[in-house]
Structures are given as C-alpha cells and as structure tokens.
Amino acid sequence: MRTQFESPIVLLGARLLSPYIMLFGIYVIFHGHYSPGGGFQGGALLASSIILIRIAGGRLVSRLQIKEFFTTPMAAIGVIVYFAAGFISVLYGSYFLDYEALPFPGDLTPAELRYYGILVIEIGIGIAVMAILVMIYDHMARGEDYA
Amino acid sequence: MIWEIELVLFLFLIISAIVALEAKDLLIAVVTLTIFSFTMALLFTAMGGIDVGFTEAVIGAGVTGILFVIALFRTTIKTND
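Those protein sequence lines, which keep their order, are chains S and P.
This note's numbering numbers the first residue of the first sequence as 1 and each following residue consecutively.
This note's numbering numbers the first residue of the second sequence as 1001 and each following residue consecutively.
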C-alpha cells in the first residue's frame, strides 16, 4: 500500500471535480436558512473539495491552495464570527443570539434582521467546520505524503 | 416512495453491513462502510429527513471514508481477528 506513483488522470479528475463541489458547498451555506443544508453541511462539502485536491496531488499541490499552518487561525476566525454575532446582540441590550438587536445598517424589519443574522452565523459555522476537517486530515497525513 | 425500491435498499444495507463486519481486508471494509452510509442517506431521504440524509451523505460517504483510509495508511491493512 505504501508504493507511491503519480497519476495525471487522478489529479486531473480531482481538479475537474473540486470547484463544483466547492460551489455547491457555498450554495448550501448561503441557502441554509430556508432550504435543507446549513453551515455544517456546507462546511463539510468545502472541506471535502479541499481534501480531494490534497489526497490527489500530495503536499506540493495542496500548499498552493490552503497552507497547513493556516487552518487553525481559520477555525478560530469561524468561532469568533459565531460568538461575535451572538455577543453583539448582548451589547445592544438583548439576549445572546437574539438577532433582532443586531445593528445592521439600513431600515430593516425584525424578520429581515433574523434572516441576515442567521446568514452570518451559518458563514461562521461553515468556515470553522471546513478548517477543522482539513486540519484533522493534515495532522493524520503528516509525514506520509511524499508526492 | 415506491416500496420495492425501498426493499432493495434495505437488502443492500444489510448486505453491505455484514460484508463490512466480516471482511479480512480492511480497505474492503472501509469501502463497504461508505456504501452502507450512502444507502442509509438514501433511506433517510426516502423517509422525509432530507437534512439528516444530506448530512449523512456528506459526512458518512465523503469525509469519514477519507479519514478511515488515512488511518489504514498509518496502521496495518490486515485485521487481527
């Protein structure tokens, strides 16, 4: 199992398939509040598109996309986005994760405020899930891919 | 959903689960577990839980299979049972 070889067909197939998976993941994240899906599923789709490139191309190719040291700050950024969207509504005199109090610019009704608040939450969850799944893969495959 | 298709899916589910438990080559077990997971996602969708089926298809059939293959790559491919 440890024999390694380069296959241009596998790499080309992964390169062909990966952007569409990523586009579908972004679609799932941005339509998560009124259709099936959401931050977790969209983030897992984004992570699987990145892991597909990593498992097909090895480390040298995957360094061009997302570097290995960059996954931990991205996970922290996702959690901070989630927590900040919850905590800003506390600062504006309401409950934690109560999107009615979020200070979005413009004259928005409470329903629209909830709509955009959930969208911000979903983006945070998506970034965190994507970064953590890629980080798990990187730590498990460390030192094993020579390509 | 048409009950004949659902019956075939249940049979496929049970067969893939038994093969995944009994296989000596662990790579076969991982691939069969992925088939089990995708069949499970189809059954969830048939029963109306589209969200659950979506999560099962993405996580069970996508990410978990890759992580199992990496775990096999770090350890041995033959079972000790």
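Source of the hints: derived by calculation from the structure; they are not laboratory data.
Here the structure is a predicted model, which means the values were calculated and not measured.
Cβ atoms here follow ideal geometry from the backbone N, Cα and C, with glycine treated the same way.
One or more hints might be untrue.
The following label-pair restraints were derived from C-beta to C-beta distances [stated by the list, open to error]: (1) S:Y95 with P:K1024: 48 to 58 Å; (2) P:T1064 with S:I80: 39 to 49 Å; (3) P:I1002 with S:F69: 49 to 59 Å; (4) P:L1011 with S:L12: 46 to 56 Å.
Derived, one-sided and incomplete: chain P residues facing chain S with beta-carbon distance under 8 Å [unchecked claim]: (5) A1020; (6) I1050; (7) D1051; (8) F1054; (9) T1055; (10) V1058; (11) I1059; (12) G1062; (13) V1063; (14) I1066; (15) L1067; (16) I1070; (17) R1074.
Tested hints:
At roughly 56 Å, the beta carbons of Y95 (chain S) and K1024 (chain P) sit within the given window of 48 to 58 Å. Distance hint check: the CB atoms of T1064 (chain P) and I80 (chain S) are about 28 Å apart, inconsistent with the given range 39 to 49 Å. For I1002 (chain P) and F69 (chain S), the hinted distance range of 49 to 59 Å is satisfied, since their beta carbons lie about 51 Å from each other. Under the hint 46 to 56 Å, the C-beta atoms of L1011 (chain P) and L12 (chain S), about 37 Å apart, miss the expected range.
Against a cut-off of 8 Å between C-beta atoms, the interface hint on A1020 (chain P) is violated, since the closest Cβ of chain S lies about 19 Å away. A distance limit of 8 Å between C-beta atoms decides the matter here; for I1050 (chain P) the minimum to chain S is near 4 Å, and the interface restraint holds. With 8 Å as the threshold, the beta carbon of D1051 (chain P) comes within range of chain S, its nearest partner Cβ sitting at about 5 Å, so the hint holds. Below 8 Å, beta-carbon pairs count as interface contacts, and F1054 (chain P) has one with chain S at about 5 Å; its hint therefore holds.
At a threshold of 8 Å, the smallest CB-CB gap from T1055 (chain P) to chain S is about 6 Å, leaving the interface hint in force. Evaluation of the V1058 (chain P) hint against chain S yields a held restraint, the C-beta minimum of about 4 Å falling below 8 Å. A least Cβ separation of about 6 Å between I1059 (chain P) and chain S falls short of the 8 Å threshold, and the interface hint therefore holds. Taking 8 Å as the C-beta cut-off, the interface hint given for G1062 (chain P) holds, the closest approach to chain S being about 4 Å.
Taken as an interface hint, V1063 (chain P) checks out: its beta carbon lies about 6 Å from the nearest beta carbon of chain S, inside 8 Å. The beta carbon of I1066 (chain P) comes within 6 Å of a beta carbon in chain S, closer than 8 Å, and the hint placing it at the interface holds. A least Cβ separation of about 7 Å between L1067 (chain P) and chain S falls short of the 8 Å threshold, and the interface hint therefore holds. For I1070 (chain P), the suggested interface contact is upheld, since its CB lies about 5 Å from the closest CB of chain S, less than 8 Å.
The beta carbon of R1074 (chain P) comes within 7 Å of a beta carbon in chain S, closer than 8 Å, and the hint placing it at the interface holds.
Violation of the numbered hints given earlier is confined to hints 2, 4 and 5; the remaining hints are satisfied by the structure.
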